[in-house]
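A.B. asks: Protein sequences appear in the order of chains G and S. The numbering of the first sequence is the working numbering, which starts it at 74 and goes up by one. The numbering of the second sequence is the working numbering, which starts it at 897 and goes up by one.
Wrong hints could be hidden among the right ones.
Just a few of them, taken from the derived set where beta-carbon distance is under 10 Å, the chain G residues facing chain S [as the list claims (entries may be wrong)]: (1) Leu222; (2) Leu228; (3) Phe293.
Computed footprint of chain S on chain G; a stretch qualifies when at least three of its residues, placed anywhere within it, have a C-beta under 8 Å from a C-beta of chain S [to be verified]: (4) 180-193; (5) 209-219; (6) 231-238.
Ranges of calculated distance between the beta carbons of each label pair, as one might list FRET restraints [to be verified]: (7) Met371/G with Ala907/S: 47 to 53 Å; (8) Arg184/G with Ile908/S: 18 to 24 Å; (9) Ala162/G with Gln900/S: 44 to 50 Å.
Hints in this document: simulated from the structure, not taken from any laboratory. Idealized CB from N, CA, C, for every residue including glycine.
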Amino acid sequence: MYGMFAAITLEDFLASNISYWLRMTAGSEFVLLAAFLVAALIHASLLLGLFSGLPVFYIWLERKVAGRIQDRLGPTRVGGGFGWLQTIADGIKLIQKEDLVPKDADNLVFRMAPYLATIASFAAFMVLPLSDGWVAVAAECGAFLILALMSLEVLGIILAGYSSGSKWALFGAMREAAQMVSYEIPMAICALIPLMIAGSLNFQVIGRMQSGGLWNWFIFHDPFTFLAFFCYFITATASVKRAPFDLAEAESELVAGFHTEYSGFRWSIFFLAEYSSMFAVSAVAVILFLGGWHDGLMVDSVIDNLRGTGSGLIEGFSLGSYAANVFGAAILIGKACMLVFVQIWVRWTLPRLRIDQVMTTCLKYLVPISCFLFVMAVLWPLVLATSFSRPVFVGKPLGEKSLPLGVPASAAVAAEQREAAR
Amino acid sequence: MIEQLLFWVFAILACGGAVAVVATHNVVRMAFWLVVSLGSVAALFFLLHADFLGAAQLLIYVGGTVVLLVFGVMLTASGPYNAIPTSPAEGIIGGAVGFLLLFVLVSSIGSVDWTEVSGRLPAVPAAPYLVDMNLAAKADESFVNTGSSRAKAEFAATQQQGRTVRQLGLGFLGLRPDRHLTEGDGKGSASGYFLPFEIVSVHLLVVLIGAAYLARAKRRVVPEGSMNVG
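Excised from the complex, chain G in its bound form (with noise of 0.2 Å):
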């Protein structure tokens, strides 16, 4: 019985009596399977507080820009001179309407389709890394894992508008589906151009790829790259539906498109999972193209010495490690908002397009110049292999900086250093 009550410290506490009794009765796999759903809720719950805390940002943002190009304010009132708590005030109203399913509507999959939209796009989130060591499921296939997932965010909208049993929710489906079929093949061109000069799938490998100045970044690689990325977000903005290419829910036309019939909380997932997906598809972009959780001004190559350091307060943690994985999340995260700033702003400025209109810019345009662009970035380190004998302009070839998995950068660099000196 003493030591029962005596156990203070864990190691005391799996020599105790106790321990032994739990592992006799419940076996040593109980105590796994109690830590593993401990580790798996904090990282959902990580997770979905970014999943859902985003968008309440990016509505306020939306409007507030909004309101400042057309010469307004935006949101003054609720919580202060600029409005911050507007975004919750109106979740509170969303929350408190009336869970409405039309007569005509096929009830099954009219409510389940918000749910399938938002679990697509929540998936997104994880294999996003924030940071080098941040990802709550670091897969070595990462990106066209977020690819693949992101693709299925539109069988929830198509599903909505059928299932709404009215003619403008289906149009808008109708519409959507096209739209997707086709942005689809040029977004995952584009996307294969950082891959294919990375030589990897994994997330991690890209982003360390990009590690230092801001030259070192995929967008500056080649020509090719540079143009790609512009392909790419224009491809994004398309697939996540905003405007100049929000046709499944033109507002003059279709009255709201695929979500006419819905209200409540079921209209605001959609909302949710619209604003997350711009910030995935931006984050993806990030990733690819613009340096990841590297700001490119050699700040963090200080900041990564940090990592390693202050650890033994708990087993496996360390301070400075958490310092610099926050730092790359930040910065991640910036870029990925700058360019969702990007979006609202396009939204506001431009006029929308015509649904042929938008076919013929993915078929007849979008469609060539990523292939195009593919192509020439394939031959591009050939071209200068051949003619300058080295494949990159500047710097080392991205081959040789591609770091072992598993080991922080700065103690791979570190140990690469010792090499050299050797």
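Please build the complex by placing chain S on the supplied structure of chain G, with the hints as guidance.
C.D. replies: Frame of chain G, contents of chain S only:
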């Protein structure tokens, strides 16, 4: 334990979704249940640490359902929510064929001696942290080990963590780092899948061009003589 639990959840979802696809009469509901079923199969692939296969399943099958759905709506729906009725005879025949297939699958799975097959798999340690420890130990005494067993251990470790992309790519080109060239039955070097892949992709391109040609907007041909009349 948790993997077993997740396996059962996704296996039930996959089978239940598949049954629901057959049982419903509405095209769009069928598509919804198909998404549930195929998505659960993708989740089962992730549980088996076949990340690439799972992602491909999501992209090709679940994403491809969209196209199927759109065609289903465009080609079959004359009014909203048209049901596709099935007669009882069709139900009986379909059910009989389905149960026969199930019987064939179950009996063939039962007749295979799995102990022999599992002996041929690379030895996979139980948990990722064990893999790391084993790898570290292997790296320390790498001068003792031959290259082959080291490569095999690394292969097992990466496979355990779902890191199969590089091996898949190399295997696609005909390089199998997990097998030793002189070892075993001489199947060390495979021929790769590059040529079949190219043939299939050119085939698809031909089909695409043919479909575009057939579906193009027909231009009205003005007869030769009619120009002179006006």
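A.B. asks: Taking the earlier hints as the rules, which of them does this structure contradict?
C.D. replies: Number 3 - this is the single hint that the structure violates.
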